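**Q** Sequence:
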Amino acid sequence: DDKCSAMATIRDFDPLNSTVPATKIEITVSCRNLLDMDTFSKSDPEVIDNTLNPDFVRKFVLDFFFEEKQNLRFDVYNVDTRSSNLSKHDFLGQMFCTLGEIIGSTGSREPLMNYSSCVTVVLSAHNGCCAVFQDIATMQLCANKLDKKDFFGKSDPFLVFYRSNEDGTFTICHKTEVIKNNLNPVWQPFNIPVRALCNGDYDRTVKVDVFDWDRDGSHDFIGEFTTSYRELSRGQSQFNVYEVLNPKKKGKKKKYVNSGKVTLLSFKVESEYTFVDFIKGGKIISHHTICVLYVCPGNPSQPTSLHYMSPYQMNAYAMALKAVGEIIQDYDSDKLFPAYGFGAKLPPDGKISHAFPLNSNTENPNCVGIDGVLEAYFQSLRTVQLYGPTNFAPVINQVARCAAEVTDGSQYFVLLMITDGVISDMAQTKESVVNAASLPMSIIIVGVGPAEFDAMEELDGDEVRVSSKGRFAERDIVQFVPFRDYIDRSGNQVLSMARLAKDVLAEIPEQLLSFMKSRGIEPRPPHHSHH
1 DDKCSAMATI
11 RDFDPLNSTV
21 PATKIEITVS
31 CRNLLDMDTF
41 SKSDPEVIDN
51 TLNPDFVRKF
61 VLDFFFEEKQ
71 NLRFDVYNVD
81 TRSSNLSKHD
91 FLGQMFCTLG
101 EIIGSTGSRE
111 PLMNYSSCVT
121 VVLSAHNGCC
131 AVFQDIATMQ
141 LCANKLDKKD
151 FFGKSDPFLV
161 FYRSNEDGTF
171 TICHKTEVIK
181 NNLNPVWQPF
191 NIPVRALCNG
201 DYDRTVKVDV
211 FDWDRDGSHD
221 FIGEFTTSYR
231 ELSRGQSQFN
241 VYEVLNPKKK
251 GKKKKYVNSG
261 KVTLLSFKVE
271 SEYTFVDFIK
281 GGKIISHHTI
291 CVLYVCPGNP
301 SQPTSLHYMS
311 PYQMNAYAMA
321 LKAVGEIIQD
331 YDSDKLFPAY
341 GFGAKLPPDG
351 KISHAFPLNS
361 NTENPNCVGI
371 DGVLEAYFQS
381 LRTVQLYGPT
391 NFAPVINQVA
401 RCAAEVTDGS
411 QYFVLLMITD
421 GVISDMAQTK
431 ESVVNAASLP
441 MSIIIVGVGP
451 AEFDAMEELD
461 GDEVRVSSKG
471 RFAERDIVQF
481 VPFRDYIDRS
491 GNQVLSMARL
501 AKDVLAEIPE
511 QLLSFMKSRG
521 IEPRPPHHSH
531 H
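Numbering (the UniProt record's numbering), first residue to last: 1 to 531.
If you are wondering where the hints come from, they were derived from the structure by calculation, not from laboratory data. As the structure is a computational prediction, the values presented were derived from the model and not from experiment. Treat the hints with caution; some may be incorrect.
[What the hints assert, rightly or not] Here are the computed lysine to aspartate or glutamate pairs in the DMTMM-like style, where the Cα-Cα straight-line distance is at most 20 Å:
#: 1; residue 1: 254; residue 2: 166
#: 2; residue 1: 249; residue 2: 209
#: 3; residue 1: 252; residue 2: 220
#: 4; residue 1: 248; residue 2: 220
#: 5; residue 1: 517; residue 2: 476
#: 6; residue 1: 154; residue 2: 177
#: 7; residue 1: 335; residue 2: 375
#: 8; residue 1: 207; residue 2: 166
#: 9; residue 1: 248; residue 2: 147
#: 10; residue 1: 250; residue 2: 147
#: 11; residue 1: 261; residue 2: 201
#: 12; residue 1: 249; residue 2: 220
#: 13; residue 1: 175; residue 2: 220
#: 14; residue 1: 24; residue 2: 80
#: 15; residue 1: 253; residue 2: 243
#: 16; residue 1: 24; residue 2: 147
#: 17; residue 1: 250; residue 2: 212
#: 18; residue 1: 149; residue 2: 231
#: 19; residue 1: 261; residue 2: 212
#: 20; residue 1: 145; residue 2: 166
#: 21; residue 1: 261; residue 2: 231
#: 22; residue 1: 207; residue 2: 167
#: 23; residue 1: 149; residue 2: 216
#: 24; residue 1: 517; residue 2: 408
#: 25; residue 1: 268; residue 2: 135
#: 26; residue 1: 154; residue 2: 214
#: 27; residue 1: 261; residue 2: 147
#: 28; residue 1: 180; residue 2: 135
#: 29; residue 1: 148; residue 2: 63
Construct the complete structure from the given sequences, taking the supplied hints into account.
**A** Next comes the structure, spelled out in structure tokens:
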């Protein structure tokens, strides 16, 4: 359906071009209480089985991307003839779900069950690879007697690692730093997930190119060598000294020996838990607090307002809410979301508030599911008067207070803030972010509309870690994006939303892991369900 075709196109739109292969998830399918369609015997799934409660033997292995809504459909048939044409068999029923729901549900005792008209499908998920951990390799290399490429000084060498794919192509998986003006460089030790290096096949070729860095980006090729994860894992030995060869030189010069040598100095492997391990152990992203910023002047009934309520399509706020919220809610056990607005005058007395419940229930600001949040948002637009300034700190502090109460790793908070205004309290917000960085929380800020959001980039600590009064944040917890960068030109809202979600959620697994790791928290063993 249109959702699936949208997903196919998103694969091409990958601003991150992540180099680690996806986590493999293995799905087990069972059905319960199938309708008996045969007069003589029970319906026959996996023909041998002849039962109304089949546990299918075949496992499905899927790539898991936390930041995407991966829609799945299961159709159940009763096989009556040998025909491979599905229309010749009795259709028993179907179910729809997302891969996230299956993974999210295994934190609780029961696997995901979906009751359609006449069939219950039971799904459970396991990490596809035998190891639950992710193995991280740490290695250090040096080189000697590399070819001199620069006219004035020596070369400025760096290494580029590639893993080979099934089809014989290569994918870049690591670049070392550049060492200036040195033909005998020693590079810093670096970490890389083993999966990124060999995708689980220890004998697969790993290609390494040696380049001479040039300021203008036209780096000169010095030479290359190949190895494999298995060879590297032997550590420092005579096997791990590689001749760097330049095929062009080799072809031209009779006396060519090599363009230098690269030596492996050290190699070790450690296991780390993955994001899925924490989700499956019931450490679920919970209390996904949603804050919607109301600061745009103007009336939601005017088409120029960003909060414009059109009968035909969602406004940018609603799209951002739905895009991010629908993915996160798969991992939230109770699907209750506290939702607040800020930057508005509240009835009856026009008091200015920087954190009011969207459903105007101060006792219980929770909304049921993302649809409940959207409903409360549209409802509040009719009652509150939008009013600046845009203060972020009060909201961040409010969520931080909740997060500070549960630092044992059993809950992780994601704060989604949607704003069309530039931040009014930058100094206080930076202080709040630095304080929140030691808590189990992440902050996603989506800027909507045409404003200049340059100041926001400072909060997104990708380039330089956020600091306040000389203190630096211990983790990078803020992801800021302007929604306009993701809007599909042809007006396809499903695609715009999927692109946005993919980018803002991509860092969450790493942020959750960095918190757990810094506190030495391990995942609980997953509950095994009782069918």
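**Q** Each hint: holds or not?
**A** Hints, verified against the model:
no. : hint      : verdict
1   : 254 - 166 : violated (35 Å)
2   : 249 - 209 : holds (15 Å)
3   : 252 - 220 : holds (18 Å)
4   : 248 - 220 : holds (13 Å)
5   : 517 - 476 : holds (14 Å)
6   : 154 - 177 : holds (16 Å)
7   : 335 - 375 : holds (15 Å)
8   : 207 - 166 : holds (14 Å)
9   : 248 - 147 : holds (13 Å)
10  : 250 - 147 : holds (13 Å)
11  : 261 - 201 : violated (26 Å)
12  : 249 - 220 : holds (13 Å)
13  : 175 - 220 : holds (15 Å)
14  : 24 - 80   : violated (34 Å)
15  : 253 - 243 : holds (16 Å)
16  : 24 - 147  : violated (42 Å)
17  : 250 - 212 : holds (18 Å)
18  : 149 - 231 : violated (29 Å)
19  : 261 - 212 : holds (14 Å)
20  : 145 - 166 : violated (34 Å)
21  : 261 - 231 : holds (16 Å)
22  : 207 - 167 : holds (15 Å)
23  : 149 - 216 : holds (15 Å)
24  : 517 - 408 : holds (12 Å)
25  : 268 - 135 : holds (10 Å)
26  : 154 - 214 : holds (12 Å)
27  : 261 - 147 : holds (10 Å)
28  : 180 - 135 : violated (32 Å)
29  : 148 - 63  : violated (44 Å)
This entry does not satisfy hints 1, 11, 14, 16, 18, 20, 28, 29, going by the numbered hints stated previously.
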